[in-house]
Structure formats: structure tokens, C-alpha cells
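Asker: Chain by chain, the residues run as shown.
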Amino acid sequence: MAANFWTSSHYKQLLDPEEVHVVHPLDKERGITLEDFKLIKLHMSNYIARLAQDVKVRQRVVATAITYMRRVYVRRSMTEYDPRLVAPTCLYLASKAEESTVQARLFVFYIKKLYSDDKYSLYRFDRFEVKEILEMEMKILEALNYYLVVFHPYRALSQLLQDAGMNDATQLTWGLVNDTYKMDLILIHPPHLIALACIYIASVQKDKENTAWFEELRVDMNVVKNIAMEILDFYDGHKLITDERVNSAMNKLAK
Amino acid sequence: MGDGRANNSNSHSNNNSSSSNKPEWLEQYDVIGKIGEGTYGLVFLAKIKSNRSKPIAIKKFKQPKDGDGVSPTAIREIMLLREISHENVVKLANVHINHADMSLYLAFDYAEHDLYEIIRHHRDKVNQSINQYTVKSLLWQLLNGLNYLHSNWIVHRDLKPSNILVMGDGEEQGVVKIADFGLARIYQAPLKPLSENGVVVTIWYRAPELLLGAKHYTSAVDMWAVGCIFAELLTLKPLFQGQEVKGTPNPFQLDQLDKIFKVLGHPTQEKWPTLVNLPHWQSDLQHIQGHKYETAGLYNVVHLSPKNPAYDLLSQMLEYDPRKRLTAAQALEHEYFRMEPLPGYNALVPPQPGEKVVNYPTRPVDSSTDIEGTISLQPSQPVSSGNSVSGGMQGPHVMQTRSMPRPMPMVGMQRMQPPARCGSASSSTTADEKERLRNGDDWIPSTEIKALLSYLT
Numbered sequence: 001m002a003a004n005f006w007t008s009s010h011y012k013q014l015l016d017p018e019e020v021h022v023v024h025p026l027d028k029e030r031g032i033t034l035e036d037f038k039l040i041k042l043h044m045s046n047y048i049a050r051l052a053q054d055v056k057v058r059q060r061v062v063a064t065a066i067t068y069m070r071r072v073y074v075r076r077s078m079t080e081y082d083p084r085l086v087a088p089t090c091l092y093l094a095s096k097a098e099e100s101t102v103q104a105r106l107f108v109f110y111i112k113k114l115y116s117d118d119k120y121s122l123y124r125f126d127r128f129e130v131k132e133i134l135e136m137e138m139k140i141l142e143a144l145n146y147y148l149v150v151f152h153p154y155r156a157l158s159q160l161l162q163d164a165g166m167n168d169a170t171q172l173t174w175g176l177v178n179d180t181y182k183m184d185l186i187l188i189h190p191p192h193l194i195a196l197a198c199i200y201i202a203s204v205q206k207d208k209e210n211t212a213w214f215e216e217l218r219v220d221m222n223v224v225k226n227i228a229m230e231i232l233d234f235y236d237g238h239k240l241i242t243d244e245r246v247n248s249a250m251n252k253l254a255k
Numbered sequence: 001m002g003d004g005r006a007n008n009s010n011s012h013s014n015n016n017s018s019s020s021n022k023p024e025w026l027e028q029y030d031v032i033g034k035i036g037e038g039t040y041g042l043v044f045l046a047k048i049k050s051n052r053s054k055p056i057a058i059k060k061f062k063q064p065k066d067g068d069g070v071s072p073t074a075i076r077e078i079m080l081l082r083e084i085s086h087e088n089v090v091k092l093a094n095v096h097i098n099h100a101d102m103s104l105y106l107a108f109d110y111a112e113h114d115l116y117e118i119i120r121h122h123r124d125k126v127n128q129s130i131n132q133y134t135v136k137s138l139l140w141q142l143l144n145g146l147n148y149l150h151s152n153w154i155v156h157r158d159l160k161p162s163n164i165l166v167m168g169d170g171e172e173q174g175v176v177k178i179a180d181f182g183l184a185r186i187y188q189a190p191l192k193p194l195s196e197n198g199v200v201v202t203i204w205y206r207a208p209e210l211l212l213g214a215k216h217y218t219s220a221v222d223m224w225a226v227g228c229i230f231a232e233l234l235t236l237k238p239l240f241q242g243q244e245v246k247g248t249p250n251p252f253q254l255d256q257l258d259k260i261f262k263v264l265g266h267p268t269q270e271k272w273p274t275l276v277n278l279p280h281w282q283s284d285l286q287h288i289q290g291h292k293y294e295t296a297g298l299y300n301v302v303h304l305s306p307k308n309p310a311y312d313l314l315s316q317m318l319e320y321d322p323r324k325r326l327t328a329a330q331a332l333e334h335e336y337f338r339m340e341p342l343p344g345y346n347a348l349v350p351p352q353p354g355e356k357v358v359n360y361p362t363r364p365v366d367s368s369t370d371i372e373g374t375i376s377l378q379p380s381q382p383v384s385s386g387n388s389v390s391g392g393m394q395g396p397h398v399m400q401t402r403s404m405p406r407p408m409p410m411v412g413m414q415r416m417q418p419p420a421r422c423g424s425a426s427s428s429t430t431a432d433e434k435e436r437l438r439n440g441d442d443w444i445p446s447t448e449i450k451a452l453l454s455y456l457t
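Chains as they are written, first to last, in our numbering: chain A, 1 to 255; chain B, 1 to 457.
Incorrect hints may have been included.
[Unchecked claim] With a straight-line cut-off of 30 Å between C-alpha atoms, the simulated DSSO-like cross-links for lysine-lysine are:
1. K38(A) <-> K56(A)
2. K262(B) <-> K12(A)
3. K56(A) <-> K324(B)
4. K22(B) <-> K131(A)
5. K113(A) <-> K239(A)
6. K56(A) <-> K237(B)
7. K252(A) <-> K206(A)
8. K112(A) <-> K12(A)
9. K215(B) <-> K246(B)
10. K252(A) <-> K112(A)
11. K54(B) <-> K131(A)
12. K12(A) <-> K22(B)
I should point out that these hints are in silico values taken from the structure, not numbers from a laboratory.
Quick caveat: nothing in here was measured; it's all calculated off a predicted structure.
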């Protein structure tokens, strides 16, 4: 389990994109489109990363938290599971799962503090207290079906970079991997393929000829390239995301 | 888990004022009674109504005290158990949540016996040693489960007889199940006092490197414990019965080390090169090296000839240097397991007809404690009267107000004491009894297990 991705619940739970990109009927009723759905998850992923800076937990905890949140919304509606509560609670739960527990009241403190930050001030992020977080923690455990072990691309990344002789690309690829959590890739692809896609992008960007190395890996390069394309598409689309777009999506929820 | 759907519907209609007061998930069980009680909660015996009364042990975690939700311990235990699956590891059958009082329940396949009780039965009741076939089969299965855990980077950290369960009557009769996972603390901080609130953990199975203050522990600590358990199966007595030093955090356990040295001889830097790097070896030279025990007398203690393969296996598990200590995988390959009698699937019943079968007692069940009495049906918050358990002073934290907090390994269910004992056990524990408690007697148990997730960093 812990050491072997292929026997893990994470592997068994990987989904097809069509299963992930589905707006829950309850959310549809509120006029939430697939685009809105993705935007809100992106926005909340950023929020988790931002909150994590304050409560001081490592990137892996952030990655686990975002994965939890994205898994929750595969089956649950945002209408019933308010993202503003789900996101911080996922970080709270991930901090326990990843052995770096942070007290709930500290979370509440920082949530309120962050509320004064412009970006997150619109949607009453501050209205939740410890009690709500603890109640939501249980609901999230249930929504996750108690599967809490998550594998991330980071470990594979450093090994692969070493092997490819691309240690100089660590910073770049690490950043790319971080950004993949703004998408749903972690729900769909094995983490080492996500890592490879990031290395692939870095190779292209750095003009490093790596074809032979990739071929030796005996992985399906089509999948790797597709993931890479998706990441690049995401960056393209990301430029077009305006605060207004995010606001309008969030407002449909806020009601 | 299996009943995810049932859970959902439950959570959607939290104020289910209709029908019964039970949480929906509880309807699927007939709860027989309490079979154990520990620091982390209570354990109940139940039967699944729909499945030919299949017995289940339901471990109820204490409700969180105000403020911190599901304990990290419970989180880690669930996290681990949800991933692992092996014949010789306890099976998590289900997880349940009662949203009203925020309590959490783990349902396990029920195991009627454990090594603690089996050993005690032989020692105190039938007065005879455990037959060779049973010892060998129990040991082999224990190693088999441990090999699985270790190859998945899970270190149990609190192996001891009460955590090694053995299935009773049924298809899996005589099958060993390693239990009690997940109370690992941050793995960089090994052997933190196994608990803050004065809970006692027996130190008898603790590896010498940990006793000497090693900061990092490895799967070798489990193998040491297996060695101790092996010896105990052979002699019916704990191998190293040290007096625990109380206090926090993690006080130096001189007496435990002394007990080990007395039997195995003093460790030397030649045999164990990294010994000198261990904190307590460094800082407490005088005490530790005060007594010199030259002669190793392990074979005398376990009454085995040094030429006996069982002795060879045991002594390799009790190797001082953790790097030289036998691994579970190596132990499974040992000659001992290839000689007659060969180890078997049903450790309790030898395959050869005619062999005497020992009938072990079943776990006492305290049917006066009903699981429902411990479930708050009102939405948490202040509960002054709603609790059916009398004497409660603190609202939902019911079990804290119950008799005496006998620590027990949650899944490795410690037996309930017979009623008489049970009643007398309350506040008036004598100093002597406390001492016995601390030393892993009778009611002890334990505690926590430490399991370690060191995947992904």
C-alpha cells in the first residue's frame, strides 16, 4: 500500500475525465456550468495553497488537501458542500493525515485573517467557526469513503529528474507540478505520469533532447504528451481568467 | 466503505426525526455488549443481522474533546487499514460516523482469541506448554503478516501478545491477525511517550536500540518484539519483564535494559558498531555498563539446546544490532519452519487427528453496557440530561465517566474482566494493582500501536 502505488486505493480510484468533469445536478440548478465548476475548484485550490502559507504546512499537505477537495466534488454538490468550508477543512484533514496536525482554532484564526485579503473577501469565507469545520471534517471523511492515502508526483519527479540528468530543471518542473493541482489531473492520471509530463514540458522548453530517455522508460508517451498538452492548454486558458469570471461563478453559489 | 450509500442518506437527513432513535448504520447490527475499553474508546461485540450473524468488533473512538475533531490517531489508523489487505492482518470491515455527536466507529472482523489470553490460559489454567505445532503456526503467520506490512513500509511498533489476534470458530479458525494499527505519532519522533495522559505502555517488547534512545526506528523493532513473543509462546512467561520507569517524556528504562543484558549478555561495540552513537549509551555509561553480564543465557531461559533450529531462529531475532537482526522475510525462510511439525493455516487445531485440541475461553462480554447508551442522539453541544448514562458530568464524553479507564489495545481487544473484578476495579485501585497495570499484567494492555507510514516524502 503505502509504498506501492499499483496496489493502492489511489490507483484503484483513478477516474476517466468524463467522470470528473460533471456538474452535480443540484449545482446545475443554480446555473453552474462546467466552466464555473472548474473555476471554482481552481479558485479554492489557490485558496488552500494560500491558507497553507499562513498555517505553515508543507506543499505535500497542500497537494493532499486539494486532492481531497477535488475528490469530494466528484460525488458531492457544491450546493450542499460549500467550497468555502470544504477547502479549509480539507487542509485541516490533510494536515492530520500527513502528520503535521494544525489545530482547528488556528485554521479559523487564519481563515478570518485571510478574509481581510481582497481576493477572498467577497464570499464570506469568514463565517465558519471551529464547530463547522469539525462537522465538515466528518462529512469529508465520509465523502472520501475513508480513503486518505494520496500519492503525489513529487517523489517520482526528483528521481526521474536525476535519472534524466535534468537536475537543473528541478525548480521549473516543481512549479509545473504544483500548478497541475489547479486542474483535476491528480484524479485521472498516475502521479509518475504527471511528473513525466512536467519533465516533458521542461525538456521542450529547455531544448533538451530527451527522446531516447523517454523511450527507455517504457511508459505510454501518448498519455504523457496528452497530459503535457492539457497542462499547456490550462496555462493558455489561465491567462483569460478574470476576477469577474471567478466572481460570477462564486456568486452563483453564494446566493 | 461498504455502506457508503447508507451513510450518505444518513448525512443528508441528519435530523431524521422519524422512526427509531438509532443512527441508521447501527440498524444493521445486533450489539451484544462491551468487550473492551481503552484510552481511545470502547470496543463492542456485534453481529451483522444480514450476514448469518457474522461477529464484528466495533471500536468506538472517544468523541473529540472540544476543539480538535477526529483524532490524528484515528485518522492514521483508518488511513492505513483502508489500504492494507492481508490474511494475517486484521480486516477493517466498515467505518461509521454518528454525525449527531461526532463519534467515529471502526468495524472489524471479530477475532475470539489473542496471544495474551492463549498464553495466559496455558500458564494459569491448563498448566501446560503450548504444543509445538501451534507455536510454530502462530509464529509463522505472525511473520507472514509482518512481512507484508514491512514490505509496504509499515512498522507496527507495538507488537505484543495482546495485539496478536487469533480467529475463533469459523472458516478462518486459528488464523493469526495482527491488530491495533495507527497510533503512530510523527514518525520522526519515535517512541514518544506512548501517551500523554498517563497511559501505560508495556516496555517488555521494546527493542534495545529504542531503549537506548535511537531516534529512528525501523522494521527491526518489530522483529525484536516477535522474538520476545516467540520466547513467551515457548515458556509462557514474558522474556524481559522490566520495571517501567514512569514519567515523561520517554524516560530512560534502565531496568528493562538490565533484564535484557542479563539474558543476552552485554552488547559490545564489536557486535553492534553503531551502539556508541545511541544517546543513552553515551550519556549514561555508568548505569548501563555498571553491571557486566558476560554469559549469554538465552537457551537456559527458553529451555532450548543451542543446536535447536528454534533457538537459532530466536537468537537471530534477538540480535542486538538492528541491522543484523533477522528480517521477517528471512525468518520465514528459516529451517525451523521446514521441519516437522510444519506450520499450518489453523494454528489452533493440528492437522493430525488424535492430537489434543485446547479449548480456549471466549471473550467475556459486558452486556450491561450498550453501544446505544454511548451514542448521543441529540446534536452534540451541551448535553446535560440527554445522556442515558448516569453519573455523566461532561455531556457527551460518556466513557470518561465510566468506571476505570483500563487501557487496552483497541482492536486487540483486551478481555473484560469478570464482573466481580470489574466492579472492584474502579477508583480504589491499590498501588500494587497499579504497578501490575504498568507492567503489562492482567488488565493492561496497552495502548497504542504505532504504525508508520513512510511513503512519499
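Asker: Now tell me, hint by hint, if it's right for this structure.
Answerer: So, going through the hints one by one against the coordinates:
Taking the CA atoms of K38(A) and K56(A), the gap is about 26 Å. The hint holds against a cut of 30 Å. In summary, the hint linking K262(B) to K12(A) is not supported, as the alpha carbons are separated by about 51 Å, beyond the 30 Å threshold. This hinted pair does not check out: K56(A) and K324(B) have alpha carbons roughly 40 Å apart, beyond 30 Å. At most 30 Å may separate the alpha-carbon atoms for a hinted pair to count; K22(B) and K131(A) meet this at roughly 23 Å.
At most 30 Å may separate the alpha-carbon atoms for a hinted pair to count; K113(A) and K239(A) meet this at roughly 28 Å. Straight-line distance between C-alpha atoms of K56(A) and K237(B) comes to about 49 Å, which puts the hinted pair past the 30 Å bound. Proximity of K252(A) to K206(A) is assessed by CA-CA distance (about 42 Å); at most 30 Å being required, the pair is judged violated. Between K112(A) and K12(A) the alpha-carbon distance is near 38 Å, which puts this suggested pair outside the 30 Å criterion.
Our distance criterion of 30 Å between C-alpha atoms is met by K215(B) and K246(B), whose separation comes to about 20 Å. Restraint check for K252(A) and K112(A): the C-alpha separation of about 22 Å stays at or below 30 Å, so the hint holds. Taking the CA atoms of K54(B) and K131(A), the gap is near 37 Å; set against the 30 Å cutoff, the hint is violated. About 33 Å separates the Cα atoms of K12(A) and K22(B), which puts this hinted pair outside 30 Å; it is violated.
When the structure is compared with the earlier hints, violations turn up for hints 2, 3, 6, 7, 8, 11 and 12 and for no others.
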